[in-house]
Amino acid sequence: MASGKAHPNYTAVWLWLLALLGLGVAASFLPGGRTFAVLVIFATALAKATLVAANFMHLRFEPALIYALVLIPLLFLIVLAAALFPDFVWHSLAP
Amino acid sequence: MIARLEAEGIPGGITAGKVGVWWFLASEIMVFGGLITTYIVFRLGGPGWAEASQHLSTTLAAINTLVLLTSSFTVVQAFVAAERGDARALRMHLGLTILGGFIFLGIKAVEYTTEIRAGFTPGAGIFWSFYYMMTGLHALHVLGGVVVNGVVLATEGAKVKNPHRVELAGLYWHFVDVVWIFLFPLLYLV
Numbered sequence: 001m002a003s004g005k006a007h008p009n010y011t012a013v014w015l016w017l018l019a020l021l022g023l024g025v026a027a028s029f030l031p032g033g034r035t036f037a038v039l040v041i042f043a044t045a046l047a048k049a050t051l052v053a054a055n056f057m058h059l060r061f062e063p064a065l066i067y068a069l070v071l072i073p074l075l076f077l078i079v080l081a082a083a084l085f086p087d088f089v090w091h092s093l094a095p
Numbered sequence: 096m097i098a099r100l101e102a103e104g105i106p107g108g109i110t111a112g113k114v115g116v117w118w119f120l121a122s123e124i125m126v127f128g129g130l131i132t133t134y135i136v137f138r139l140g141g142p143g144w145a146e147a148s149q150h151l152s153t154t155l156a157a158i159n160t161l162v163l164l165t166s167s168f169t170v171v172q173a174f175v176a177a178e179r180g181d182a183r184a185l186r187m188h189l190g191l192t193i194l195g196g197f198i199f200l201g202i203k204a205v206e207y208t209t210e211i212r213a214g215f216t217p218g219a220g221i222f223w224s225f226y227y228m229m230t231g232l233h234a235l236h237v238l239g240g241v242v243v244n245g246v247v248l249a250t251e252g253a254k255v256k257n258p259h260r261v262e263l264a265g266l267y268w269h270f271v272d273v274v275w276i277f278l279f280p281l282l283y284l285v
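Taken in order, these protein sequences are the chains called X and G.
The working numbering applies: residue 1 is where the first sequence begins, and numbers increase by one.
The working numbering applies: residue 96 is where the second sequence begins, and numbers increase by one.
Keep in mind the hints are simulated off the structure, nothing from the lab.
If you're wondering where the values come from, they're calculated on a predicted model, not measured in any experiment.
A virtual CB, placed ideally from N, CA and C, is assigned to each residue, including glycine.
Hints are supplied without guarantee of correctness; some may be wrong.
What the hints assert, rightly or not - Quick list of the computed label-pair ranges, beta carbon to beta carbon: (1) Leu139/G - Ile72/X: 41 to 49 Å; (2) Ile72/X - Lys254/G: 34 to 42 Å; (3) Thr35/X - Gly180/G: 50 to 58 Å; (4) Gly252/G - Gly32/X: 31 to 39 Å.
As the list claims (entries may be wrong) - Derived, one-sided and incomplete: chain X residues facing chain G with beta-carbon distance under 8 Å: (5) Phe36; (6) Leu39; (7) Phe42; (8) Glu62; (9) Pro73; (10) Leu75; (11) Leu77; (12) Leu84.
This is chain X alone, in the form it adopts within the complex (with noise of 0.2 Å):
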């Protein structure tokens, strides 16, 4: 971020954080059925995760390179675990 533009709200966001860093622990201790609290527990870490990026890392403010440069690993990873997928349900399909 060039200097001299104004700065998201710095505070505001670390509440949010610190918010979310509560939620995801609550949902942690959730009684019943488990995929219910591990949605939680994800959704709020990929909105930290989020928060941090678009926020203190200012890619709210980035062109279209740096987005590329972030982007293009992440795709890298999916097709990583896509790769890797069929090894999983081979071993739990195996006797």
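Let chain X serve as the given structure and place chain G on it in line with the hints.
Below, chain G alone, put in the same frame as chain X:
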């Protein structure tokens, strides 16, 4: 000379130093992403992982998450101070960030000691191998970030000459924070 090259604009309106740091972070995404993806696939495919993770201290890890999130906030405040040319505020916020890094590593050391004393060494099972590999690599990154922040503090602390360096060091520190944001639920909460 180097500082001038870092701060120099390239077409698109960003500085060369920033492209360099993001490029480095892109490779880091693959380093941690590869580990995390493998961990998820292994964990989905094998029983006993959830029981093993019960032995970890969620309380200590939650405190550590709080420490890292807060240190991300202080390093960004250091950047705001650097932009203003306020060396005193820069020293305070960078100092707090470095302190946060040391607190994180201290708590991590307590965790490791407790776990190893209870017999959960890196060879105690595949969950523990992944746990020590992922958190150990992350802890080394925290240590690296502390050194980088220390260098920035030493060079910019008296008089702010290159405010963009504070932002670049901050980018790396936030990345280390983001990695922990995912390690915490993966290893401790789920």
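Go through the numbered hints given earlier and state which of them the structure violates, listing their numbers in rising order. Hint check: 1, 4, 5, 6, 10 fail, others pass.
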